[in-house]
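Participant: Chain by chain, the residues:
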Amino acid sequence: MEKIPILRMGRLLLVTIQVDLYDRLAESLEADLVQMINKTGARGVLIDISAVSIIDSFMGRIIGNIAAMSKILDAETVVVGMQPAVAITLVELGLPLSGVFSALNVEKGMELLRSKLTNMERNVDGSDDGSAE
Amino acid sequence: MKNEAIRILQKKNKAILESWMKFQLLDEGLREDLMSNDDLRSQSEELLSALTSNLNDNNIEDAKSMGFEQVNDILASVSISRAKQGFSPRETGNYIFSLKNALLEILQQEIKDPQELYMQSIKIGKLIDSFSIDTFETFLRGREDVILRQTDEITEISTPVIQVWDGILALPIIGTLDSARTQVVMENLLQKIVETGSSIAILDISGVPAVDSLVAQHLIKTVSATRLMGAECIISGIRPEIAQTVVHLGIDLSNILTKSTLASALKTAFTMLQLQVTRKNVTNLN
Numbered sequence: 001m002e003k004i005p006i007l008r009m010g011r012l013l014l015v016t017i018q019v020d021l022y023d024r025l026a027e028s029l030e031a032d033l034v035q036m037i038n039k040t041g042a043r044g045v046l047i048d049i050s051a052v053s054i055i056d057s058f059m060g061r062i063i064g065n066i067a068a069m070s071k072i073l074d075a076e077t078v079v080v081g082m083q084p085a086v087a088i089t090l091v092e093l094g095l096p097l098s099g100v101f102s103a104l105n106v107e108k109g110m111e112l113l114r115s116k117l118t119n120m121e122r123n124v125d126g127s128d129d130g131s132a133e
Numbered sequence: 001m002k003n004e005a006i007r008i009l010q011k012k013n014k015a016i017l018e019s020w021m022k023f024q025l026l027d028e029g030l031r032e033d034l035m036s037n038d039d040l041r042s043q044s045e046e047l048l049s050a051l052t053s054n055l056n057d058n059n060i061e062d063a064k065s066m067g068f069e070q071v072n073d074i075l076a077s078v079s080i081s082r083a084k085q086g087f088s089p090r091e092t093g094n095y096i097f098s099l100k101n102a103l104l105e106i107l108q109q110e111i112k113d114p115q116e117l118y119m120q121s122i123k124i125g126k127l128i129d130s131f132s133i134d135t136f137e138t139f140l141r142g143r144e145d146v147i148l149r150q151t152d153e154i155t156e157i158s159t160p161v162i163q164v165w166d167g168i169l170a171l172p173i174i175g176t177l178d179s180a181r182t183q184v185v186m187e188n189l190l191q192k193i194v195e196t197g198s199s200i201a202i203l204d205i206s207g208v209p210a211v212d213s214l215v216a217q218h219l220i221k222t223v224s225a226t227r228l229m230g231a232e233c234i235i236s237g238i239r240p241e242i243a244q245t246v247v248h249l250g251i252d253l254s255n256i257l258t259k260s261t262l263a264s265a266l267k268t269a270f271t272m273l274q275l276q277v278t279r280k281n282v283t284n285l286n
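The listed protein sequences derive, respectively, from chains A and B.
Read in our numbering, the first sequence has 54 at position 54, and its numbers run on one by one without any break.
Read in our numbering, the second sequence has 177 at position 177, and its numbers run on one by one without any break.
Next up, chain B with everything else stripped away, as it sits in the complex (with noise of 0.2 Å):
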């Protein structure tokens, strides 16, 4: 015997849409600028039919099994991109807790036993509250991709060095210094000490905003590892702060050139490299 619901379900496939189209409209958290109502209709009625061509009497109370694999696959990509469009996890949530409710409305106007109508409706809600669920998990993912692609992004232009001098690099870093970061910066200058055969790299400070004895450390093994590779090392922009925080934690900088601006480390640069930066005598053009 097929169930009752589902037929119900199957036959009234029109009116659910129009009841869910209609709760959906009348939501608040609408969002017409993100994504048209064509495209929204569009997007649901793709979703219904998955969901209702697939229904069957065994699947009905286990939202995993194999018949909802379509349902599965487009919840999990309107999750995915409501979370690049920017839809808030509120306004997801309520676009398939409004199906809930246009269902379970088909059901009250078609079955006319309580007790009949009763159980359905449980079927049917805890149904939905899994594929709710399912929904919730993938926008989550969707947001943390965009997070993470962010952070690689960050990593990836945040660490620029630049040639200011034939042989002398620069590293302005900004932002904190974790191992990570540290790892990149050490990567980055030392192939670009190899690439440009440059003999001083002048490592910029001004952007970090603290310097504990972690960051200290990695401060210390970027100058070693420039050190081993035959260039010398020269730290720049230590703010008064900084230097007040390493002396109280006993973080002993004596062998690193340190300088408080990127432009007295440039000046001690040019003195190592022996070169010198004279004013044009104007007087003599006239």
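Bound-form chain A, shown alone (with noise of 0.2 Å):
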């Protein structure tokens, strides 16, 4: 069976969708991604879709799983490279996807993810400051 490579950048986990996704196959994303996540302590998710043209409710249903699992798991997923198509289908069906951040590219989800990093440490420190006080 077909696997999705998911790939490990420092902190971060990096997934590259190459083809169109199936059931299955987003389903077992879906549960090898939680436990990478889980493995590696990541930080963050960076999903990129740029190759996906076909998108259904399912899918979107998937995608909006991950992230509220990472979530959970204290990971921010950034979904990148979503094509106007996929965007205007997912409106479509009324999944906007609110919990899960959007980049236009590779780079910016990146650097997006980078800031929370940034933002969300700063804060942990601050908070940890101000108790101390």
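No lab work stands behind these hints: they were computed from the structure.
Errors might be hidden in some of the hints.
Derived pair list, reagent style EDC-like, types lysine to aspartate or glutamate, alpha-carbon separation capped at 16 Å [as the list claims (entries may be wrong)]:
1) Lys11(B) / Asp166(B)
2) Lys221(B) / Glu232(B)
3) Lys108(A) / Glu195(B)
4) Lys108(A) / Asp166(B)
5) Lys126(B) / Asp57(B)
6) Lys123(B) / Glu4(B)
7) Lys108(A) / Glu232(B)
8) Lys14(B) / Glu45(B)
9) Lys14(B) / Glu110(B)
10) Lys126(B) / Glu61(B)
11) Lys221(B) / Glu92(A)
12) Lys221(B) / Glu187(B)
These numbers were taken from a predicted model, which means no experiment stands behind them.
Could you use the hints to bring the two separately framed chains together as a complex?
Facilitator: Structure representation (structure tokens):
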């Protein structure tokens, strides 16, 4: 069976979906990714869907699920490179993926994730300082 | 036996044309500005000869028969070209009806027996009426084509996506937003976002006459789709009346960035991109 590779880049995980997702593949991606976040302690997940040209409500939900699960495991999810047609389809399906961050391309997605991580760390530091005083 | 009327009409082709032209030229609705008399004459001659040469015993009562294909083709092209040239329906109708007058006039001159004249007149009248209806249908179709083409053009030109700054797109919407237009607007905008790699889109609705719940729904959809692509969307140009309607209708725009003018939207966009606009320091130059 095909498998979607999950690459580790420091504290981030990079998933590039190069094929059109079918249901089983998406489900296994969901499971693999959650396992991987747990194993590596990743703080951010970047999903590149620039090669995906067809999407249905199930895939939309899986992406939303992945984001929600990652959030519970303390990792932010950014979806990058969504094609216009895919975006329109998702909106028409009534799935605006409100919990998911998006970026135009991998570069901007990385930037977004990094700034989010820095912010989070700063906040954590800030609250620590606050409690110490 | 060949029908008396048909024989007369075929023989008197020339006279009919003269009489027809006379009727047309006398008509108040004659549009010499749209079509010269020579053109009108050649058009009429072509139609008349097609009619009389194809007329026979079998098809005199059936305008849809195969024999009249040529006539119908000519009529169709005449009425479509008239629709495009801007003739009024009355003028186009008169063109065909004056042919009926001419035909009946000739019949009247040639047939002496009142009974026979009556029968033939009815037949010819029915035939020409049937042609008139076809002409009218084609005329309307020609007009509808014009309208459809214009609608397409308006949709095409009315949704320009402008790049106002590196990374900032503006999309002024003029006119009512319906589902079809929203689709075009959304596609254009998203396509342009991909092409230019912009991260902020400003949707200016100062040209939208009214916002109802449906239009708001369309706007929300566009904003959601833009966000999915990874760009932020600002709605600007919201007039006081529109703000009133939106609140009265109970539409929730709270998670959409809204600004009253394009200028303030642009300012916000600059802030988001951490850009700053400063006045040139003139005193230093002196």
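Participant: When you check the alpha-carbon spacing of Lys108(A) and Glu232(B), does it fall within 16 Å?
Facilitator: holds, 13 Å
Participant: Given the hinted pair Lys14(B) and Glu110(B), is their Cα-Cα distance within 16 Å?
Facilitator: Holds, at about 14 Å.
Participant: Within 16 Å, alpha carbon to alpha carbon, are Lys126(B) and Asp57(B)?
Facilitator: holds, 14 Å
Participant: Taken at face value, is the distance from the CA of Glu195(B) to the CA of Lys108(A) at most 16 Å?
Facilitator: With Cα atoms ~15 Å apart, Lys108(A) and Glu195(B) stay inside 16 Å; holds.
Participant: Sort out whether Glu232(B) lies within 16 Å of Lys221(B), counting only the CA atoms.
Facilitator: holds, 13 Å
Participant: For a C-alpha distance cap of 16 Å, please report whether Lys108(A) and Asp166(B) respect it.
Facilitator: holds, 15 Å
Participant: Straight-line Cα separation of Lys123(B) and Glu4(B) no greater than 16 Å?
Facilitator: Since the Cα atoms of Lys123(B) and Glu4(B) sit roughly 12 Å apart, the hinted pair holds (cutoff 16 Å).
Participant: Between the alpha carbons of Lys14(B) and Glu45(B), is the straight-line distance 16 Å or under?
Facilitator: holds, 9 Å
Participant: Holds or violated: are the alpha carbons of Lys221(B) and Glu92(A) at most 16 Å from each other?
Facilitator: Status holds; Cα separation ~8 Å.
Participant: Regarding the pair Lys221(B) and Glu187(B), is the alpha-carbon distance no greater than 16 Å?
Facilitator: holds, 12 Å
Participant: With the threshold set at 16 Å, check whether the alpha-carbon distance from Lys126(B) to Glu61(B) stays at or below it.
Facilitator: holds, 7 Å
Participant: Take a quick look at whether Lys11(B) and Asp166(B) sit within 16 Å of each other, Cα to Cα.
Facilitator: With Cα atoms ~78 Å apart, Lys11(B) and Asp166(B) exceed 16 Å; violated.
Comparing the model with each earlier hint shows a violation of hint 1 alone; every other hint is respected.
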